[in-house]
Amino acid sequence: MTSKVFIALRVPADPTRAFEAFTREISSWWRPDDLFQITPQGDGELAFEPGAGGRLVTHLNNGETFEIGRVSVWEPGKRLVFGWRQASFSPEHSTEVEVRFEPVGNGTRVSIEHRGWDAIPERHVARHGFPEHVTLQRVADWWRSSLSALRFDMKHRESL
Amino acid sequence: MSASNLDRTLAALADPYRRRVIDLLRERPHRAGELGQAIRLSFPAMSRHLRTLRTSGLVEEDRDEFDSRVRIYRLRPEPITALKSWLAETDALWARQLAALKAHLQKTRR
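Taken in sequence, the protein lines are chains A and B.
Numbering-wise (the working numbering), the first sequence opens with residue 1 and increments by one.
Numbering-wise (the working numbering), the second sequence opens with residue 161 and increments by one.
Some hints could be false.
Stated by the list, open to error - Quick list of the computed label-pair ranges, beta carbon to beta carbon:
#1 B:Ala198 with A:Glu67: 43 to 49 angstroms
#2 B:Arg214 with A:Glu45: 40 to 46 angstroms
#3 A:Gly51 with B:Ala259: 52 to 58 angstroms
#4 A:Pro103 with B:Lys267: 18 to 24 angstroms
Everything labelled a hint here was simulated from the structure, so no lab data went into it.
We put the CB at the ideal spot given by N, CA and C, even for glycine.
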């Protein structure tokens with residue numbers, strides 16, 4: 001049991017190509033969904049600004065641009081980490097998405113880990129007056145050990 | 161679920177003492193005094209943590225049926241359920257998007 005959402009899928013491309021498709025071509029494959037909208041105006045057209053420090057934004061129909069998050073790790077063919085904030089989140093709250101690309105046979109295993117509460121920013125923690133020694137890792141550990149007892153039954157998909 | 165509630169739930173759980181309280185309440189409802197003893201916290205410190213847990217909705221307070229001066233604390237399932245549904249939605253989102261990425265890669269196969 002873990003405190004995160006974890007999804008993995010094998011895709012028919014090498015890791016370099018899979019990374020390129022995930023980032024540069026995200027607007028071609030991203031599927032908007034009524035239930036889970038990034039902004040009240042819908043998902044818009046997503047785009048990554050390449051490189052660490054770049055943004056993941058979405059261009060909305062009304063001409064506005066919404067920043068979903070910033071890229072913190074950009075390792076083509078290997079790993080991608082970016083912030084994830086929906087419009088409904090409070091300004092201080094952000095979650096984090098890590099995407100890994102691993103060669104499997106002549107394809108790639110793409111795995112996505114979406115960390116919700118393990119990524120509470122320092123600023124946010126400070127605002128709520130938490131002791132400084134409380135590291136985020138401890139929060140994560142607690143969730144890992146504790147949620148199973150709460151019968152927190154998250155289904156994990158593995159296609160491999 | 162509203163994101164600000166999710167936010168509050170996560171924030172309330174970001175403290176080790178409060179997580180310990182949740183652990184204890186998972187076994188059964190406890191009196192404030194029992195919680196303070198078990199966790200070795202002063203009364204004011206424990207009161208502060210219990211207030212935060214109440215505000216977040218994770219915990220509710222009741223009066224003891226025999227002694228109204230005594231307060232009993234118990235877990236409320238709603239925030240956990242809300243967290244669970246956020247997880248389920250996020251899980252579904254990425255399952256769908258990865259399937260879409262796979263379809264895209266099949267289409268553009270070189």
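Checked hints:
| no. | hint | result |
| --- | --- | --- |
| 1 | B:Ala198 with A:Glu67: 43 to 49 angstroms | 45 angstroms, holds |
| 2 | B:Arg214 with A:Glu45: 40 to 46 angstroms | 43 angstroms, holds |
| 3 | A:Gly51 with B:Ala259: 52 to 58 angstroms | 27 angstroms, violated |
| 4 | A:Pro103 with B:Lys267: 18 to 24 angstroms | 21 angstroms, holds |
Comparing the model with each earlier hint shows a violation of hint 3 alone; every other hint is respected.
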